[in-house]
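Trainee: Now for the letters of each chain:
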Amino acid sequence: MSRFFNSMRDGVGFDLILVGAALLFLLVLAGLPLVYNVLMSFQQVDMFTLGSLFRPWAGFDNYVAVVQQPEFWLVTKNTLIFVFASMAGQFVLGFALAVFFAQNFPGAATIRGLFLVSWVMPGLVVGAIWSWILAGDFGVLNTILKALGLIDGTIFWKSDPAYSIWAVVIANIWLGLAFNMLLLSVGLAAIPRDLYEAAELDGANAFQRFWTITLPMMRSTIGAVLSLGLIGTLQQFDLFPAITEGGPANTSTVAGYWSWQMSFQLYDFAKGATISVMMFLLVLFASIIYVRSTRHEVRG
Amino acid sequence: MKLKHLGLMAGVALGAMGMAAPAMAQVTLKIWSIDGNDRVGIADTYSKEFDEANEDIVVEYRAIPFDDLVNETLRAFATGNAPDIVSFDNPDFALFSSRGAMLDITDRVAASEIIKPENYFEGPLNSVSWDGKLFGIPKYTDTIGVFYNKDLFAKAGITEPPKTWAEFTEYAEKLTDPANNVYGATFSARAGEEGTFQFLPIIQMSGGGYDNVNTEGAAAVLDLWKKMVDNGWASKDVLSLGQWDSTGTFNSGNAAMAISGPWEIDRMVEDAKFDWGVALLPTIEEGGDRSSALGGFDWGIMSTTKHPDEAFRALEYFAAQDGRIFEEFGNIPARSDIELPVTGVALKDAALVVFQEQLQYAQPRGPHPEWQKISKAIYDAMQAALTGQMSSKDALDQAQATIKGILG
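Chains as they are written, first to last, in this note's numbering: chain A, 1 to 300; chain B, 1 to 408.
Because the hints were derived from the structure by calculation, they are not lab data.
Bear in mind the structure is a predicted one, so any value in this text is a computation, not a measurement.
Glycine is no exception: its CB is placed at the ideal position from the N, C-alpha and C atoms.
Heads up, none of these hints are tricks.
Capping the alpha-carbon separation at 16 Å, the derived lysine to aspartate or glutamate pairs in EDC-like fashion look like this:
| # | chain 1 | residue 1 | chain 2 | residue 2 |
| --- | --- | --- | --- | --- |
| 1 | B | Lys-227 | B | Glu-173 |
| 2 | B | Lys-393 | B | Asp-223 |
| 3 | B | Lys-133 | B | Asp-107 |
| 4 | B | Lys-226 | A | Asp-160 |
| 5 | B | Lys-48 | B | Glu-60 |
| 6 | B | Lys-373 | A | Asp-46 |
| 7 | B | Lys-163 | B | Glu-286 |
| 8 | B | Lys-373 | A | Glu-71 |
| 9 | B | Lys-155 | B | Asp-275 |
Label pairs and their in silico Cβ distance ranges:
| # | chain 1 | residue 1 | chain 2 | residue 2 | range |
| --- | --- | --- | --- | --- | --- |
| 10 | B | Glu-327 | A | Ala-65 | 46 to 52 Å |
| 11 | A | Phe-100 | B | Lys-227 | 48 to 54 Å |
| 12 | A | Ala-206 | B | Lys-227 | 53 to 59 Å |
| 13 | A | Lys-146 | B | Val-353 | 40 to 46 Å |
| 14 | B | Glu-270 | A | Lys-146 | 28 to 34 Å |
Some chain A residues well away from chain B (every beta-carbon gap over 12 Å; in silico):
| # | residue |
| --- | --- |
| 15 | Leu-24 |
| 16 | Ala-147 |
| 17 | Val-283 |
If we strip away everything but chain B, and leave its shape as in the complex, we get:
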């Protein structure tokens, strides 16, 4: 609340300043993102800095809750009140870019001294591309891997983290200890984007993709997941827990392995009273194809903006600050030309090395304008199989039929 008031006062003060200096033509940029709701984030900080550094530009920053961002922007766009710059979760970006709601910045980027497409990881860059054109730039990125409890591994006589899903399942069985309330593994197979986030990489590593989900490999791994849930090697609650809560059970020592991402690290360093490590997401066959989820947000300029030049200057400013985002906000830049600083916390530094390697295999969700429907088909299939309502193969076949209908 306090922050909001401050922001409001700052806005009023700036407005007053604008009125006080009528001679100077000022441009107002509206920037929307989810940052700054509960804690200071990338978008609110940089917006303020950009505002202060530029006399000719006033930035009106608005923080919108995650769940409302897309709806609010859709409504604003439909009624002609869209912001100039907005920051979307990467699978939501194509909904806007594919329909001409985002400004094509291909030529501006080509002429830019600061933004260079070749510096970005391929996955995040794909999420802002549509039809061969560039509609935005990645803001930051993340991915998922396997956290494992080294103490429990040692106790069970396991020396290495699992390399394949079969091993993952085998270890989960060995590590399960009902007497001490320990499950072998935990993950998030929730009915929502998080569920797809964790399961789509398996479809991808089996040779499929969001447009080809009913692969044999994916069905086989889904069977393994079901085996873990059915036998109590993973809690049935993986079907309703989000990643943050699911990994919470790992931190409290109630699960020996957890699938989640680098956003867990800071809390884990605090909470986990045991030795832990991170491994790459297992593959289907040993030495088989790798994949992982691609998370993170993108920046884009909306096509309705009246100040494309100033808006692009803002994007350039944001991109120029990418080197700071890890230290200040704990986010990983989506760029290969930035080296992450060493924090001195051994567990954290070791984990980040693995996640940076994992990022090379991260693949985007979509991009597709109807991603949300495709995603629902995928997590519905995953849940139908895990609850035993359908066989893994049938569930994925049904999802494939639904997705085919969406892709047309």
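Bound-form chain A, shown alone:
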């Protein structure tokens, strides 16, 4: 008996308790809602069955119906544009800023700190501000672009189907930039200085140092930033109602917003759940690629 308690305090039992607590936490707060969501996507849901667990079975009807919606492929395309353009913009600009602020110049740390302001702001506030900046007739951005002579006419960022998704992408890049910069700065700080000194002595130029030292040493950080970026971008919701509301003609509707719209504007909870399950599969796929790509490092 005392051996059992001993192992609880220090040994296999203790390990199991730790793992068990984490698993229980995951199961209750993430697992059950997920299973419930998947279950709901296979059921018929209406206001009378909203509160119950067992509802009429619908099989794959919801999935077929979602794919048959006229806007399905448009939303898919928008989601891909939004995710990849946002991630690319956030990552490239974030990396550039991180490298820039890694140089030792007076005030570097302070200014880098100030960049976090964008990350602290709630998405709805950011959305409202960008909504004014991107407004058509009296927008700030249009005024600046016109003053610089870059454009003649007015660009209707929020109302022109050619630009609407990009309006949200621009705001989202701004919103996520600081987070990317911060994580990448941490990664940069972890690279030993002497590596650069040795390379410099061997005559490597700045680009070679970046390509052969910085990038390989940052591999796992970059992997983490990109996977978190993917999840964060797919989760992004606040900017859509604040800037375009998915319009015009669904040209800026992405999967996450569409799912919300189905559930809470059209009250079709089953289809809303179905779309979110589809999104989940996409994230799962991306996660598998991420885990596989970093696997050898864990073993290494």
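Dock chain B against chain A, hints included.
Mentor: Chain B only, in chain A's frame:
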């Protein structure tokens, strides 16, 4: 915030009073509506009055933001915590009444001294009816018409407001003045209920309805709207602006005509530094069929209530106060037996006369339990056509196919 605290304290105080007088059997009525969130409105005021006037009834009033009202009520109904009385936007009412979530009050109304169906406008009354039965009463109503800037009209040499959509478009072209940042017209073709609110009347005046949207007349007017947007006679931002913001550009003199409703009047009297008037919504042919949007909220008792008699007494009290809602809250009663008082503000009084005439032509959205999906099909089609992704005819045909699928 202050109001909320006050409400809370009032609630606590009432609760204490309830406990202090245990001998008297008290009934608690839960009333939900969007009023009282940012300013005093109909539901919160009358709930409080009704509470104070009735010793045997305690009213628990809850203000819920517009966007959450339907969701919150759906959830509450599903979990058995529904309010006794709730006030919905009129197109949302059928979602509940068609599924038996609202109490059938046909017989109670027939026996009532105060609520008489024949006093209500037909459109609002339709929105609370389902399957020949009455599930609620209209709370107030509104509609849309054309606001026009008389100074700009005079400058362009136009004497009368437009009678047809073709004229509306022609005038919009004449009134457009890019040098002074003036668009000929503004309206709301937004991706949302407001977009449907403004476009459905056109489908209706062309002989169609929500179940028959691909009429030739509607496609022709949609083409005219597209022409205005394409040529810069209306801002491209009509695709994303709501009615309140869209009419804001009219008030600042940046648009010569605006389609919107009587809720704009008070702000316009303040903001607009020019002479303006209101005209009925144009028709497709001169002298053709009229229609307009029907806005406004309804009262209903939820079928799960344990106190239907007290709840109906509350509705009777609310209905008896209809004569006050214009003066106190600026809303138009949905009744033909109430004359609106003259305010003495000439522009406002003139505008209200037109809107009251327009109300006779107002037609409800639906009623249909899946109205939100039908509405999305309509505003999606409107936006697809206005952005040039599809021709007006094709877009409306697609909407018709979608709607047919919903109607089954």
